[in-house]
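The chain contents come next:
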Amino acid sequence: MTTIRPAWQERPRPATQGTKTGALTVILLVILFPLYTIVVTSFSTQASINQAGGMVIWPHGLSVAAYTDVASGGVVGRALLISLGITAVGTCFSMIITILAAYGMSRSGSFGHRTILWIMMITMFFNGGIIPLFLVVSALGGYDQYWALIAPSAVSVFNVIVMRSFFAGTAQDLIDSARIDGAGDWRILWKIVLPTSRAVTAVIALFYAVGYWNSWFNIMLFMPSDSSKWPLQMVLYDYLTQNSQMVSAAAGFQGAAPTLALQMAVVTITIIPVLIVYPFVQKHFTKGVLLGAVKG
Amino acid sequence: MTDTATVTVTAPAGADPPRRPRRRWRVRGRRDRALLVMTLPALVLLGVFGYAPMLGLVMAFQDYDLYDGLLHSPWVGLANFQQLFTDPGFWHAFWSTLMLFSVQLVLFFPVPIALAILLDSLLSRRLRSVIQAVVTLPHFFSFVLVVTIFNEVFGGAGVLDTFLRSHGIASPFDFMTNPGTFRFLVSSQLIWKEAGWSMIVYLAALAAISPALHEAAAVDGAGYWRRLRYITLPGLTGITVLLLILNLGYALTFGFEQMLIQLPAVGSGAAQVITTFSFENGIVAGNYSYGAAAGLFLGITSVVLILGANKIAHLFGEDGLYRK
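In the order they appear, the protein sequences are chains Z and V.
Following the numbering used here, the numbering of the first sequence begins with 1 at its first residue and continues without gaps.
Following the numbering used here, the numbering of the second sequence begins with 1 at its first residue and continues without gaps.
Covered stretches of chain V (in silico footprint by chain Z; criterion: 3 or more residues with CB under 8 Å from a CB of chain Z, positions within the stretch not fixed): (1) 43 to 52; (2) 215 to 225.
Just a few of them, taken from the derived set where beta-carbon distance is under 8 Å, the chain Z residues facing chain V: (3) W8; (4) I38; (5) L100; (6) F111; (7) F126; (8) L133; (9) V160; (10) W186; (11) N214; (12) F217; (13) Q282.
It should be emphasised that the hints constitute simulated quantities derived from the structure, not laboratory data.
Computed from a predicted structure; not experimentally measured.
Where is the CB? At the ideal position from N, CA and C, for every residue including glycine.
Generate the whole structure from the sequences, applying the supplied hints.
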């Protein structure tokens, strides 16, 4: 689908065109090349890695040994399952709370909704910081517990506000007529507001999911030492900073896959879920970024 | 730091006319019971993990002890702050924060604008959307992942090092661990990760410029550069000023994860910022009150910065983070 050049616009000179093409190629390469070499290395044989002297650019012989190793258990396989679990549970939990709070404040003129909104928004501007939060969660027994990786960051006030402004825009006529027919607020939310807000619900769910998948600092804070409970990001961090016998040694491998391939498999596995949801986010995210600007 | 910049939230005050008839609050409270119940889970979570820690900040004025708790720890007045403001480590972190922030801002800020102008000039929509998809992708990566990816390219056994060694050149310096170039490292990571994402806002601003302006200028004989200078750039001024101002609000709190991840590699001389200073003293060293004092300092200065930034945004006639 090519738009036709407007009549008033001069044709670019070949030099301009060349510069532009060059710039775009460089930009694409800068982003894609590192990902390419990581993926290729993760599929490489020891011989191929030796020949390259490290990261592989031109593969000579591919192997899936690294992935079968990961799948056969050990630290990485377990971390992957833990990460998937936290992301799934956390996203559901966050969505339920966000949808309820957003709808609860979305009916104009309802009792106290502005006060509640202000109470929530204050936490966007000021918070107690890391140390009091750490002590609160510890006092509740959250140290080394999975719920500590979910509950403290489960509500994003920003997401609540975005969703609220969408819900507020749901056709009031529809809601009024449902109310006349005797529907309460729970039923209106479930039967009218949610079905008409699928797009925004999907976008916010994806943002939450990406957030849970990527979260790392809360693990550092609440679960720094028990490596048997670590999600993937922490295993990756450990690999990065210990540089890192951990991934291969603790996984207890019998040396089927080269260490470097194994390490790059960890990186690849961290990227893959993002790549899977990315097309869905991408479809919506121009909206998503500008979403905030919608006047509520 | 760019992520937060695109957040424009409108204050709940004003605006919508009341649709439901206003009655006595008790009646309205009973009528809207279901709605109030719905907000409860969120309020409880924010109460426990948002407001309770705020109360916990009083420990900044105590010599907090884990076993005595908030109620029985001895009060020490401003002693923690006195110690903080005479601690060379704190001031080092403070100036590092400002320096890293300025370098990142200067290097990062023009990139998404240039990228948007470049992308906007493409005629093929398909090419545009492919490039946009690629450049926004890294926004969805975690900083752990981004630093790892940088490490595989620039690090000790990375692509660049391997390439240089195979051509018999010893790597001149290690970009990933060199404190002297750390500011450029974090800036390039930020650009790699966020430039594409930040670009989207500018693309929308460019799309809002009427083509008729360009056409009229072209008919009057203005070339590409003149149109860029007198039509395109002025069309971006509003959003640029707004984002620039809003970024200032995060001058002291930006990049916490990014710095914390790389602290072991480059050392605290270059990567220690106030947020990591608070974390290391408070949690890692177990000096809770001292860390909380640094945290409280950060919290207060950040609120002042954010409110101040919005004030400036309002002076420029923009909405800012909230409306006047």
